[in-house]
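In case you want the letters, here they are:
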Amino acid sequence: MFSRSKNQGELSPEIQELSPRPPDSNKIESMLENYVVLTGKLKAEIAKLKEDLSHQKKLHGDIADSLDEFLTIQKASEIITQYLDYEKIAGEFLGLCHQVLDFDEGRVYICDQNSWRAADDSRRHAFDRVVQSMQEEGIIEWIWQQKHGIVIPVSELIISEQLENFHGNLVITPLIINDKGLGICLFHTHKEQANFSLRDLELLNLLTQQAAIAIQYTGLYKDLETTHLDLKNSQAQLMQAIKLATVGDLAGGIAHEINNPLQIILGKIQIARFSKNADDALQIVETQAMRIATIVRGLLSLARNRSTEAKEFIEINPLINSTLNLIRGQIEKRAIKIEMEMGEKIPIIVGNSSYLQQIILSFLLNAKKTMTSGGLLKIRTEYWNDKWIKIEFSDTGVALKDAEIEAALHPFAPGSPPSEASQNLGLVVSVEMIREIGGEVEIESGPESGNRIIIKIPKSTREEMVYEHPLKTPA
Amino acid sequence: MKSSKYSLKVIRNRVRNLAQLSTLPHIAARVVDLVDNPKTSAATVGRVISTDQVLAARILKLANSAYYGFPREISTLNLAIVVLGFNALRDLVMSISVIDQFTVDDEGTFEANQFWRHALVVGMGARLLSRYKGYSVAGEVFVAGLLHDIGYLVMYQQFPELFREVYYQAKTGGVPFYQAEQQKLEFTHADLGAWLAEAWNLPDKLVDAIRYHHHPDNSEHSHSGLTQLIHIANMISYSIDEGSGLNHFENLEETLDEQLKTVVSRSYSLEFFQKKILDESEKIDDFLHILTSKKPATELV
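Residue numbers (my numbering), protein chains in the order written: chain V, 10 to 484; chain A, 108 to 408.
Bound conformation, chain A alone:
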């Protein structure tokens, strides 16, 4: 029984309009562009970020958080760039911008904090996996992980009745959320997220990774390496954090072990990555707290 109230076309158009309303902030877009060019200097990136003092202060606070754990204080943006790296800075700017863009209040059906936590774990996990895979352009993996479930948020914010419908279907039927979606709707959160990413003009491989993160084999692009990484990082995140989150999966570990071997590396086991990602995820709370609090870090300005 699919909900007929919203046709695919209506939904798609609304997502496009939404994208126009909430464009990716100018600075984030600019930093993504700049870091894409390997010749960009630290000074250039620093200058662009410095135009928003609040953003700059939050970045410095994050750079000094336990997540990065650099032994010295990082007091300037330039130092942050050459110590944490250009990619890390871009990821920070993206995280702050996207989270600001979708401020939601917690409610019975949706826990924003948990949602972002999962997004960050998958982003960081994917980045970690990419280091072991030797994925050459590790740059976009974090952003892809951060955004992979963004469709949930779009659905929750823009189509709350649909979201609730699917939520209760999942709850009463005892099925994962994404299966309830398939039962109820003609599209999934993955499609919603992909439409938004398209409207934001994000690179094709990011759109692909968001659209097929549950079914990487359906990916139409040759660069599905990214899609597979996000899929695996997502599954590992579920495997170490069962009971929470919107989904649960069967025979997770066996399938994962197989996928890790073919996609990432034969020399490391699932337990190895689970432990690594668990270690990272423990450091994430502090990071997330700074991310979601909008007040500038006065002590650092």
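Okay, chain V solo, but in the shape it has when bound:
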């Protein structure tokens, strides 16, 4: 731009322009001044360009840094939320924190109803006392409220004298979900307090937030597991209670069932005492005593607590017969006719006979309930489709209402009237019990035809059949 002229005494066009006339000393001075001004401007321009360049470089560096930070946090949320285990979450979290802060030791503490424990391991640690003292002082509560981490020199702690060989700073970040403090993360570092930046603290905070989410998930999951287990237990208890209630229901009828043969036995014994030939009477006594024994055995097996482990080989037709015996008298007393149509070649199944008996009894009682005087109870069994053992109970009694059927089949469906379900509790429970062993239930009803309940129980698989259990024959 300002190239020197080739010939001495001649000036470049620019300067000639500035000084059109041949130079005298004044002119030269002013020329020089112009030079100085222009050079100054150029220097300023260069400085500005340099600054721009460094700004651009810094911007680029910042973006690269931000990208790194972003990736770290994304990784945190990916890794941490994979686990449902406090120890693993704490481990992964502390690993990620090492990328942000150079610390000697870090721990995650979880607060559960005012009791504190370390998430990673339960061994005692010097940090435990730190957490306790900070909690007593109200520092933890404060951090939860402010929702950001702080850096405190170990020497500032009340209990610093008790912490020998402990120097440097402690970094504490809050674990919070929706305003609720879950715990804190504690780091011991030799980084100086003055060297902390907003970035350091914000990044640690963000990572801690991810950990808080994971810890919250884990807590909820564990709660859910416990609730689920509780629910299962109480369901089992409910089943048992209903079974006992059924037995109670039966008691009246049973007394009658037993009383009948008992009266016959007593009568025959009287006769036997005074007659020379007691053989006939004793024959009848034996039959009647056997009848009582059958009833009592049936009762016992029904009341036996169901254990899912107790498996037996079961023939379905005899099981139905023996169950029917329990209430045969009651049914016949109502002048209800019983019609049996037992299928042939029904495979033996592996299961719990008391469990099945409870189901059968429930359907029989239900049929009885629909017919107050007279009627027909039909029981059919069938081996169906090489896959299912089908049992049908048909009655000619009062038809179940649609709402009752709906309640029995879907007791927990929203909008299902609870009163309908509770009126047929036995039915509801039986349906549930069949479903539990993989079976299906259909209920058909009409005002003319009465009710037909079809249950299908899956044939036992080959693996189930070879299953040998000490209780393979009914007790």
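No lab work stands behind these hints: they were computed from the structure.
Remember, it's a predicted structure, so these values are computed and weren't measured experimentally.
You may find that some hints are simply not true.
Dumping the calculated DSBU-like pairs for lysine-lysine here, alpha-carbon to alpha-carbon at most 35 Å [as the list claims (entries may be wrong)]: (1) K240(A) - K97(V); (2) K368(A) - K200(V); (3) K396(V) - K377(V); (4) K354(V) - K387(V); (5) K97(V) - K146(A); (6) K354(V) - K342(V).
Please arrange chain A on chain V, whose structure you already have, making use of the hints.
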């Protein structure tokens, strides 16, 4: 009937000149800059503040006030920075600088103490809301809240006759101050504040928040999230403190509830935030007292 004595241009120029006269103090500007860079260390910020010992002492006193309520004594600037946070320090420096800049005496028409109290409540309220909204750069919300009504002060100091005119118009007409402004003037306190903020070279989104804090829907910028937050914080402040202040609003709570849901969070109710902000505002008096008293806190130096 608009007052014709002051044209828009005259007013604007005077505000610009005012801004030149009372620039944002060097230290405040520097701290705002420094905190804007997340890599700035506590030591750097501490060094800049320490150049003004009076400022440093007042910051320490504020840091130890009931408002922050940290259980231990905060005895050094560095500790204040890593405990209260960089943003809180910046907010403190800004508060002190701005309040010092506009020292006014109380008079019948203007109560300085109440003015600053409202500014602080909106600043703190906005910061609180931003935590629930998850507004990523929560940094400027406090400053935006602190400055949102600064135009009132400018008007009161620089154009006292205008201020009185509008004040009596509001009083006799029984209308809110900002409506009286619209009836009397071609601009509002929001415009005045925005002009000052522009002249101070504050970031665009701050200027926007000040200009549109009564009408966030008019905001021209995509970052009106800040403007909406300030608007809501301002309204909540009125809703918990009715009877005082220059303005009153109708159907405040219903509109607010709706806005909170769309702007801040669906999971919390208006009552929740009202209670939170009321709790904070109760702690503000002590804070404001330290802010407005210029004497250095000798016991801490």
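Okay, the hints, checked on the actual structure:
1. Between K240(A) and K97(V) the CA atoms are separated by roughly 30 Å; this keeps the pair inside 35 Å, and the hint holds.
2. A threshold of 35 Å between alpha carbons decides the hint, and for K368(A) with K200(V) the separation of about 43 Å lies outside it, so the pair is violated.
3. Proximity of K396(V) to K377(V) is assessed by CA-CA distance (about 30 Å); at most 35 Å being required, the pair is judged to hold.
4. For the given pair, K354(V) sits about 20 Å from K387(V) by alpha-carbon distance, which is consistent with the 35 Å threshold.
5. Proposed proximity of K97(V) and K146(A) is supported: the alpha carbons are some 31 Å apart, at most 35 Å.
6. Distance restraint check for K354(V) and K342(V): the Cα-Cα separation of roughly 33 Å lies within the 35 Å cut-off, and the hinted pair is therefore satisfied.
Hint 2 alone, counting from the list given before, is not met by this structure.
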